[in-house]
Amino acid sequence: MWDTIIVQPFTNILLGITLGVKNFGIAIILFTLLIKLVTYPLTAKQIKQTRAMTELQNSPRYKKMMEKYKDNHEKLAEERMKLYREAKVNPAGSCLPSLIQIPIILGLYQSIIKVMAATPLELIKLERMIYPFLDSSKILPVQNHFLWMDLGQPERLVVGGIGIPVLTILVVLTTWIQGKVVAPPSGGAGDQAAAMTKSMNLYMPLLMGWISFTLASGLALYFLASNVATIIQYSVQGTTDWSKILPFIKPKPAVVPASTLPASLLEIPDDEPIPEPKKSEPKPSARAAVKQQRPPQKRKKK
Amino acid sequence: MLALTALVLGGCAMGPRADGTPGVSADESAAYVSYQQFVYKIDAAAGTEVWRYPQSASAQVIFYAPPTIADGKVYVGDFANRFQSLSSENGIVDWIFSEAKGWFEAKAATDGTYIIAPNLDRNVYCLNVDGSLAWTYSSEFGFMAEPVIIEDVVYISSMDHHLVALDIATGDVLWKTKLNGALVSAPYYDAERGALFVGSMGKVLTAVDSQSGEILWAFNNNGELSSVWATPVMFDGNIVFTDESGKIFGLNPDDGSVNWALDAGGNVTAGILPLESSFVVVREDGTLTVYNMSDRAPVWTRTVDGEVYSTPVLAGDKIFIGVKGNVLLQAYDLNGNLVWSFTPGK
Chain A
30 MWDTIIVQPF TNILLGITLG VKNFGIAIIL FTLLIKLVTY PLTAKQIKQT RAMTELQNSP
90 RYKKMMEKYK DNHEKLAEER MKLYREAKVN PAGSCLPSLI QIPIILGLYQ SIIKVMAATP
150 LELIKLERMI YPFLDSSKIL PVQNHFLWMD LGQPERLVVG GIGIPVLTIL VVLTTWIQGK
210 VVAPPSGGAG DQAAAMTKSM NLYMPLLMGW ISFTLASGLA LYFLASNVAT IIQYSVQGTT
270 DWSKILPFIK PKPAVVPAST LPASLLEIPD DEPIPEPKKS EPKPSARAAV KQQRPPQKRK
330 KK
Chain B
2 MLALTALVLG GCAMGPRADG TPGVSADESA AYVSYQQFVY KIDAAAGTEV WRYPQSASAQ
62 VIFYAPPTIA DGKVYVGDFA NRFQSLSSEN GIVDWIFSEA KGWFEAKAAT DGTYIIAPNL
122 DRNVYCLNVD GSLAWTYSSE FGFMAEPVII EDVVYISSMD HHLVALDIAT GDVLWKTKLN
182 GALVSAPYYD AERGALFVGS MGKVLTAVDS QSGEILWAFN NNGELSSVWA TPVMFDGNIV
242 FTDESGKIFG LNPDDGSVNW ALDAGGNVTA GILPLESSFV VVREDGTLTV YNMSDRAPVW
302 TRTVDGEVYS TPVLAGDKIF IGVKGNVLLQ AYDLNGNLVW SFTPGK
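These protein sequence lines map, in sequence, to chains A and B. Using my numbering, the letters of the first sequence map in sequence onto residues 30 to 331. Using my numbering, the letters of the second sequence map in sequence onto residues 2 to 347.
Read the hints as simulated data drawn from the structure, not as lab findings.
Computed list of lysine-lysine pairs in DSSO-like fashion (alpha-carbon distance at most 30 Å, straight line):
1. Lys117/A x Lys104/A
2. Lys154/A x Lys177/B
3. Lys177/B x Lys167/A
4. Lys227/A x Lys279/A
5. Lys51/A x Lys177/B
Per the computed footprint, the stretches of chain B lying under chain A, defined by three or more beta-carbons under 8 Å from a beta-carbon of chain A, are:
6. 20 to 27
7. 100 to 108
8. 141 to 151
9. 175 to 186
10. 202 to 209
These numbers come from a predicted model, not from an experiment. Quick reminder that beta carbons are idealized off the backbone N, C-alpha and C, glycines included.
Isolated chain A (complex conformation) (with noise of 0.2 Å):
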């Protein structure tokens, strides 16, 4: 079932793409290329609902809320709640897209791993996986040289006698930026989803980095496009914060300036006094600021 919905398709659609290019190396980016596009709208989503929901966090609003309710969990969460549905934010909003993408992309992985068929099993395996309208004889096996890399084996760049793990190195360094300037901006001090995003962005580069080095280089391949094509991508959508990673960048705002909410979410309810913020909490948003007409120094800087 699993095979013939995802891994079938996809492994036909890399033999075709390396059919046309004769080239696998090439075959995997492009391909990696085309499954970005193809699950773009649910990245674009994800990014729309993540950037929704900083800003709802961030509100006076929903920091009033939280301050208020505190010593009342309960209560919180229905108030939370209330608010999500108000301003039309689902909390699941933002990984759902997310966890669409997982079958594809451990889809993509597979079918890579099969057609680097290494064994006659393998590619008895890969033969019959093959729809008939592609002719097997002319495809397998697949070529798996490309520039210094033999594709099926962990790569090396041998210069001087040493083996350099190039395209790991280009791994990690790829993850960890992505990890870095993709991330959105945190709802505050102590925010449990950004403590998770630093763990992650320490180990995720040495994870992917280790699979990198000991596993086939076609794949690290596929990592490095994959997190390439990732990072122009948020960045297309203006979505990164290059300052994370290059000092000598403006940083970001901590909140969109253009809200994907209506202000009066954002706002706090006339009759309710306005909580101070915390020192080392996030300022608020414009948007709520200048309807508040808080004093312009108290104004996040742009």
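With chain A held as given, fit chain B onto it using these hints.
Just chain B now, kept in the frame of chain A:
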């Protein structure tokens, strides 16, 4: 999402990733099986383990290439890019060749002076019997087939669609003939005609002159043949082979015309094993059938406990079958009685 995906992928990062089948060799006293983390020597009479190599498992070391047994040695390559010579008596390492950059999937061949070890790194390594490198032959693709040594010539099937003849002493190319599709099995050499017969993933069986490399004829059953995964055999005046779909053909070796055809009733990737007056066919699903050579009538049928992808081996009065399933190796007598099954202990 990335974390979950990475964890799933990371689970695979502990060793070589490959799915293979047991590689079986045998002589009258023992069977040798390469499978996953060990090479086993199994007593042919009792079906018990004599030794295993290495003594403890390593995630990095995987064996699928059938061992080559010669002159009291066991020559076998692994997926840690190493080729080793072991004592057939006790499995102790004699030497290890570790200059290859890829996996050893194919069975090696030896003439007693040289050892020809094909590798997936697109090289064929010719070693001296002391493990030193004599020469290498490079191609555009890796090698999965056992070489054939006839006098001073090595014939080797290449995944780059070529059948190649090399001088065994120097590695010089004597001739190189492009065929249709990747060649994943060894050619059969017919001394009487001086011809080689080899099947391919290009869905054709080709006869090639062993002196010149000239193609003598090619058979594709009018475009109906499927891939041929195993080496053909010669008996009863026919060149006999199966295609993947289970069609068994007996061809006239002089012109490739069909003398007879038979249907095994299921996929067959293992080669045919000729006996004295009969021949053995094993389907992938483990159905083992012995047919009469004269009229191709089935003599007996047994079901092996698992899938079978590799050619059965005859040694002494036993047929050894490598099984991908609940057991690793089964031994049958020539009347179809199961003599023993071997399952490795922990």
